[in-house]
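**Student:** These protein sequences, in sequence, are chains A and B. Quick note: the first sequence, position 17, residue 20 per my numbering, numbers continuous. Quick note: the second sequence, position 66, residue 106 per my numbering, numbers continuous.
Simulated from the structure, these hints should not be mistaken for lab results. You may find that some hints are simply not true.
To be verified - Below, a list of computed lysine-lysine pairs in the DSS-like style, where the Cα atoms sit at most 25 Å apart:
1. B/Lys89 x A/Lys184
2. A/Lys152 x B/Lys89
3. A/Lys184 x A/Lys152
4. A/Lys233 x A/Lys184
5. A/Lys160 x B/Lys89
6. A/Lys227 x A/Lys160
7. A/Lys227 x A/Lys184
8. A/Lys160 x A/Lys184
9. A/Lys48 x A/Lys160
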Amino acid sequence: MSIVVQNTLATWLDVPGVGLVFPPLGSLTVDGITPELAAAIQAGKVTVTSQSDSNKIIAASNGQTVFALPFPWPGPDHAHLVVAGLVRTYGVDFTVDAETNELTWINGGVTILENDILTFLKTGSYPENLLGNQVVGGGIADGALTFAKLNAALLAKFVVVSFETPDVEAGNEIAVQMRLKDLAGDYLAAEHVVRVTCDDRATMTVGVSGSALAGDGTSDLIAKTSALGKLDLTVAFVGAATISLAVGATQLSPMLDCAVGADLVFA
Amino acid sequence: MGIADAVKPVKEVVLTELATAFLDNFHVVSWGTPGAEAADKIEVTLQIKNPLEDDLVCVERLRLTCSAGGTMSLVAAGNGVVLDGDGTDDMIIETDAVTGSFDLEVSNVAATTITVVAGVTQGSGVCACDLTVDLVFA
Numbered sequence: 004m005s006i007v008v009q010n011t012l013a014t015w016l017d018v019p020g021v022g023l024v025f026p027p028l029g030s031l032t033v034d035g036i037t038p039e040l041a042a043a044i045q046a047g048k049v050t051v052t053s054q055s056d057s058n059k060i061i062a063a064s065n066g067q068t069v070f071a072l073p074f075p076w077p078g079p080d081h082a083h084l085v086v087a088g089l090v091r092t093y094g095v096d097f098t099v100d101a102e103t104n105e106l107t108w109i110n111g112g113v114t115i116l117e118n119d120i121l122t123f124l125k126t127g128s129y130p131e132n133l134l135g136n137q138v139v140g141g142g143i144a145d146g147a148l149t150f151a152k153l154n155a156a157l158l159a160k161f162v163v164v165s166f167e168t169p170d171v172e173a174g175n176e177i178a179v180q181m182r183l184k185d186l187a188g189d190y191l192a193a194e195h196v197v198r199v200t201c202d203d204r205a206t207m208t209v210g211v212s213g214s215a216l217a218g219d220g221t222s223d224l225i226a227k228t229s230a231l232g233k234l235d236l237t238v239a240f241v242g243a244a245t246i247s248l249a250v251g252a253t254q255l256s257p258m259l260d261c262a263v264g265a266d267l268v269f270a
Numbered sequence: 041m042g043i044a045d046a047v048k049p050v051k052e053v054v055l056t057e058l059a060t061a062f063l064d065n066f067h068v069v070s071w072g073t074p075g076a077e078a079a080d081k082i083e084v085t086l087q088i089k090n091p092l093e094d095d096l097v098c099v100e101r102l103r104l105t106c107s108a109g110g111t112m113s114l115v116a117a118g119n120g121v122v123l124d125g126d127g128t129d130d131m132i133i134e135t136d137a138v139t140g141s142f143d144l145e146v147s148n149v150a151a152t153t154i155t156v157v158a159g160v161t162q163g164s165g166v167c168a169c170d171l172t173v174d175l176v177f178a
């Protein structure tokens with residue numbers, strides 16, 4: 004939406020908070036009405052003199068590739084093109100000749116059809132002639148994408164092995180539970196195959212949670228976690244020593260971070 | 041946040057946009073420039089990096105194997121720890137906790153090229169090991 008707003012006062016007018024400074028009786032073009040601007044309109048300081056939807060182009064014919072832009076091209080960081088509900092990529096789907104102010108559709112795999120709507124998402128309610136100076140675009144800032152911004156399905160692709168605190172030794176056995184987590188450190192409820200190895204003087208058996216696929220009762224076990232991402236292990240060893248458990252990826256494993264193992268102290 | 045942040049086109053997120061805590065979960069094996077051969081031995085340093093090729097200070101457990109004829113050890117007083125297979129062509133190692141590196145020494149008496157390959161093993165993190173190093177013995 005392109006809106007022309009005029010200062011009704013014979014003096015300079017600064018609308019606070021939005022960077023709009025009107026000359027006496029002067030007009031500025033904005034993309035939208037902010038609360039501050041609305042307050043100025045209600046106070047009678049400025050008035051809307053015209054408005055038009057400059058953010059859309061309707062294709063005139065099938066296969067049209069060149070479109071005259073209805074606004075000065077502010078650059079790809081300040082205006083994004085949406086076609087058929089998808090944000091299109093500058094340089095891949097389209098380009099703009101800033102001199103002629105024409106958009107050229109270059110994605111040969113997608114044909115623009117008659118009456119297709121090309122919608123532009125532009126930065127906020129700044130005067131268009133100031134757009135480039137007022138707003139810095141560019142998407143995600145360097146270093147800003149954290150685990151928290153990944154959706155759950157993506158986060159679950161990165162599986163991290165962890166161990167709970169081992170039980171106390173009883174009858175030359177120590178029970179310990181392996182749990183899967185995601186990168187954010189939350190427990191992951193998923194069945195995954197892992198290989199668990201330990202000192203070959205000890206043996207491992209799988210308990211209630213999880214299932215042994217091979218090597219149950221040995222020091223080299225292939226096992227699958229339960230649907231809750233748990234693997235109960237009981238380690239048997241006669242003597243006094245620390246038995247270390249190491250986990251690794253094997254056939255059928257996902258992307259797996261196995262840096263954390265478990266040390267079981269037998270007395 | 042500007043509108044550009046909200047409408048970031050798909051397939052555009054690049055490595056530099058990942059937070060360090062995210063990026064540093066993904067380890068990459070890299071190799072330094074091999075030293076000159078001396079007494080049938082060549083030294084080369086393995087360094088763990090993140091996907092942006094920044095050195096990572098982390099203990100990473102790896103399996104190193106090399107071409108037949110070569111044997112591997114830790115350089116005397118070098119960084120890292122050999123867990124198993126010292127003096128063989130199949131070794132389990134840990135990188136140094138302070139530098140994230142392992143100083144490898146490869147021995148070979150014949151005039152040939154010995155290729156060293158790293159791989160993940162029990163206790164490894166998520167680590168890309170697709171870079172190898174060729175050591176040319178004269």
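**Student:** Now, for every hint given, state plainly whether the structure supports it.
**Tutor:** So, going through the hints one by one against the coordinates:
1. B/Lys89 x A/Lys184: 23 Å, holds
2. A/Lys152 x B/Lys89: Distance ~24 Å between A/Lys152 and B/Lys89 Cα, so the pair holds.
3. A/Lys184 x A/Lys152: 17 Å, holds
4. A/Lys233 x A/Lys184: Satisfied, since the Cα-Cα distance of roughly 10 Å is no more than 25 Å.
5. A/Lys160 x B/Lys89: With a Cα-Cα distance of about 21 Å, the restraint between A/Lys160 and B/Lys89 holds, given a limit of 25 Å.
6. A/Lys227 x A/Lys160: 16 Å, holds
7. A/Lys227 x A/Lys184: 15 Å, holds
8. A/Lys160 x A/Lys184: With a Cα-Cα distance of about 10 Å, the restraint between A/Lys160 and A/Lys184 holds, given a limit of 25 Å.
9. A/Lys48 x A/Lys160: 56 Å, violated
In the structure shown, a violation is registered for the earlier hint numbered 9 alone.
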